[in-house]
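Going down the list, the protein sequences come from chains A and B.
Following the working numbering, the numbering of the first sequence begins with 1 at its first residue and continues without gaps.
Following the working numbering, the numbering of the second sequence begins with 1001 at its first residue and continues without gaps.
None of these hints come from the bench; they were simulated from the model.
On a predicted model such as this, the values are computed, not experimentally measured, just so you know.
Some hints here could point you the wrong way.
One side of the interface only, derived from the structure: several residues of chain B facing chain A at Cβ under 7 Å [said to hold, decoys possible]:
1. S1048
2. A1050
3. H1051
4. G1054
5. M1055
6. A1057
7. G1058
8. L1059
9. E1062
10. E1081
11. V1085
12. L1089
13. H1090
Residues of chain A clear of chain B, computed beta-carbon distances all greater than 10 Å [to be verified]:
14. H7
15. T13
16. S33
Virtual Cβ for every residue (Gly too), placed ideally from N, Cα, C.
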Amino acid sequence: MIQISPHAEAALTCTLDERSLYLRRLVLGSVRSAGRGHVGPALSLIEMVRVLYDDVLRIDPNNPRDPDRDRAILSKGHGCLALYALLADRGFFPLSELDGFCGPDSILGGHPEYGMVPGVEASTGALGHGLSIGVGLALAARMRERSYRTFVLLGDGEINEGSVWEAAMSAAKHGLDNLVAMIDYNKLQSYGPTDYVLPLEPLADKWRSFGFAVQELNGHDVGALRTVLKQVPVVLGKPTAIICHTVKGKGLPAAESNADWHHKNKLTDSELDAIRVAVGDF
Amino acid sequence: MRNTAMNMVHKLATRDERVLYIGSDPGAGTLRAMSKEFPKRHLIEGISEAHIIGMSAGLAMEGFVPYVNTIATFLTRRCYEQVAVDLCLHNLPVRLIANGGGLVYAPLGPTHQAIEDIAIMRALPNMTVVCPCDADEAARLMEKTLDWTGPIYIRLGKGGDAIVSKAEHGFEIGKAILMRPPGDVLMVTTGIMLQRAIAAADLLAAQGIRAGILHMHTVKPFDAEALLQAVRGVKLVATLEEHVPSGGLGSAVAETLIDKLGSGLPAMLRLSLPDRFMHNYGSQDSLLKKHGLSAAAIATSIERAHAASHAPSPQLHST
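Full structure from sequences and hints, please.
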């Protein structure tokens, strides 16, 4: 029997502050406009992306290609609605773009594209690519003696991919302490529980044994995320893995831990009413 | 050809600090001199091709020009999605140096024989596909790779292939080289089939058939202009490739002729490997011979097709 992490229990019960609710309204507004979107994977990510973009990344929305900026890659590209909400809110592009999500002339597709969306560092969507690209970026920083850091956000289902573990071995080999892997551990992938599809436990031990300094936390706890992310590198000479225990669909009771909300098409009137109750009018 | 290409990576690295060598698990001592001179730019990253391509993409995003090197099948089949998404979609200047294009690894069996690599690499938007014919041409190609936009797939031959390319022809990626002016027949080649085409052309000449040779070292972007120029007045176009019949040089030639000429097409003969995995070993030469790609067999096939192209068209008789 797998021990349930106290962080996972905390993720289920913790409440969300107004900024987290606001960001959820942005995400769900895009889903309402487009009549589609990966709801669950975006809602589990929001606090991870929020703390990164609000408090951690050294970035300038007016100079998104600044060579000294920190790099962040959303390797689980299907969580893009959370990223788009943060990028729009931080001024990388107008908030009005969110209404065009997946539209024929939109810059915002169902997976984020480099060169299309200001602030997006790499096109993702096919899973298992982001950590390798991140290793390349982090290694380049080392070789060029630059101080930027690289953060890669991975899904738990995503780390089924063998390429992630190739990248992990490589990051450890190079001692990339300027690289941080953040795992959105919501324990539910497209079909169902990760424990059913392809068990990941003992997950922290896996990352540790691959040479990472590992931290675990409640991925909806903004304060905990700030504390840990501001401490990186946790161990000099080692890449960091932060296992963020989250809840798929967090903040929307109907969607929480419900695989049917992995991807959602048109929202019904009753679903829209339930969303308003949960996150406020939008 | 392989040693030349490898040494060129070292030479380019001496000139340009952006150049990296990234091998998976190459033979002991590969680019040892470079590893001593530039230890930080000589990276051996393990049997993890999918990761290596992604990592190279990240390095290229930061201004490096990685030359990634392993066996052709592992650089194409194993990590195709990474090549498509990380390299081609982002249009990054990563160079894939593929050892053992075609049947070079004949004795090692079908896992090591790159018989469809041109097709699958050519299918990717933004990819450039180059198949040099000999070591001299490989060196000229490598000189041009430093500042080429986007990814390049470089299909290397065995090494020790007869030198048939000529310095006076120069070398530009995407520019075919007319090795012999066409007569009734034009052979279009890529890679080491050029050597066989030259020998076949000599055999055909002895039979009174003048066969030209257009060396299409770059299969993508395809030099349609050179092909259209060369096929003027030609009755038979024969393509020669060490590759399955679908998607390679023969396909590119046929597509171009159909798209650009529409009607009045010359007869066409596509000489290639069959559409199946090889279950014989031996050598590259013995397998090519078995599949009708020796110089003599090429000449015979062309002679027959040439005769057929001259035969009167079948007439419909009414009574």
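Could you tell me which of the hints above the structure violates, numbers in ascending order?
none
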